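If you want the building blocks of each chain, they are given just below.
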Amino acid sequence: MARVVVDVMPKPEILDPQGKAVLGALPRLGFQGVSEVRQGKRFELELDGDATEARLAQVHEMAATLLSNPVIEDYDVRVLSTEEDPSVG
Amino acid sequence: MRIGVVTFPGSLDDVDAQRAVRIAGGEPVALWHGDHDLRGVDAVVLPGGFSYGDYLRCGAIARFAPVMTEVVAAAKGGLPVLGICNGFQILCESHLLPGALIRNDHRKFGCLDQVVRIENPGTAWTTAYDAGQEITIVLKNGEGSFVADEHTLDMLEGEGRVVARYVGGNPNGSQRAIAGVTNEPGNVVGLMPHPEHAVEDLCGPGTDGLGFFSSVISALQRS
Numbered sequence: 001m002a003r004v005v006v007d008v009m010p011k012p013e014i015l016d017p018q019g020k021a022v023l024g025a026l027p028r029l030g031f032q033g034v035s036e037v038r039q040g041k042r043f044e045l046e047l048d049g050d051a052t053e054a055r056l057a058q059v060h061e062m063a064a065t066l067l068s069n070p071v072i073e074d075y076d077v078r079v080l081s082t083e084e085d086p087s088v089g
Numbered sequence: 001m002r003i004g005v006v007t008f009p010g011s012l013d014d015v016d017a018q019r020a021v022r023i024a025g026g027e028p029v030a031l032w033h034g035d036h037d038l039r040g041v042d043a044v045v046l047p048g049g050f051s052y053g054d055y056l057r058c059g060a061i062a063r064f065a066p067v068m069t070e071v072v073a074a075a076k077g078g079l080p081v082l083g084i085c086n087g088f089q090i091l092c093e094s095h096l097l098p099g100a101l102i103r104n105d106h107r108k109f110g111c112l113d114q115v116v117r118i119e120n121p122g123t124a125w126t127t128a129y130d131a132g133q134e135i136t137i138v139l140k141n142g143e144g145s146f147v148a149d150e151h152t153l154d155m156l157e158g159e160g161r162v163v164a165r166y167v168g169g170n171p172n173g174s175q176r177a178i179a180g181v182t183n184e185p186g187n188v189v190g191l192m193p194h195p196e197h198a199v200e201d202l203c204g205p206g207t208d209g210l211g212f213f214s215s216v217i218s219a220l221q222r223s
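Protein chains in written order, with the working numbering: chain A, 1 to 89; chain B, 1 to 223.
Next comes chain A alone, as it looks inside the complex (with noise of 0.2 Å):
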């Protein structure tokens, strides 16, 4: 059993009015010092079996074609280590 990551991000270049809302938010209660804020999602997969280059390359597949718009935003894939897991152990 392995657990993937995908974090999915709006590019650069693209407003991200959530993101405003919570910078316009952070000084309202207090909070200084945080010039910018960019909104994202965080998918956690947990695969059957190892996570093997096959099995890896399927899940860029499913953040290219689903879990992300390309359009507008970039992803990222990573496995979670067995510290970082909170199910291992």
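If you're looking for bench data, these hints aren't it; they were derived computationally from the structure. It should be emphasised that the depicted structure is a prediction, and the values quoted were computed from it without experimental measurement. Wrong hints could be hidden among the right ones.
[To be verified] Pairs of lysine-lysine residues, derived as BS3-like cross-links and limited to a Cα-Cα distance of at most 30 Å, are as follows:
1. 20(A) <-> 140(B)
2. 76(B) <-> 20(A)
3. 41(A) <-> 140(B)
Please build the complex by placing chain B on the supplied structure of chain A, with the hints as guidance.
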């Protein structure tokens, strides 16, 4: 002329779109998202709403609905397809149209009578209008901001594929005030504002929206 209107779970404006088809002189045909069947229609409308709850991204799940396999194939074969609001988002997610629609720059849901200028009266859905004609239809969206990279925007402008543009202020932050675009052959049109809500004098801002539906009916009658 038989015009199909797809109902997805979460569609809101399918009945209004059917009504607009009827008022324009066509025969509306209800299509179901779960069927691999276009029931032999002559054109398809993807209506507004919040298909599949807009989960993930607007239109992202609807794109993979069984009926969309048929719509995409038929659109590539020349079938006239109009996507309104959520339908426009679905057409972009399906890559039938370029660009994408993101949250309004002011972050509020907008609901207003909106003036748009018809930039391209040559598509299957706009022949009833004149180039440059300004019409008032309804705009209601939370994620209606049209975005694309500069190269794509220049291409759309250069090829006359901007179908409609907002007039009198940009209501949602759309790049170059784009309200609607078309594909290269002009049979697929995506429109953020709602012509189907402006087809009767009794309600809505008038009947300026009727032209989208009468355009496709007369185009089909000619062919």
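Hints, one by one, checked against the model:
Restraint check for residue 20(A) and residue 140(B): satisfied, since their Cα atoms lie roughly 22 Å apart, inside the 30 Å limit. The hinted pair formed by residue 76(B) and residue 20(A) fails the criterion: a straight-line CA distance of about 38 Å is larger than 30 Å. Between the alpha carbons of residue 41(A) and residue 140(B) the distance comes to roughly 26 Å, so the proposed pair stays at or under 30 Å and holds.
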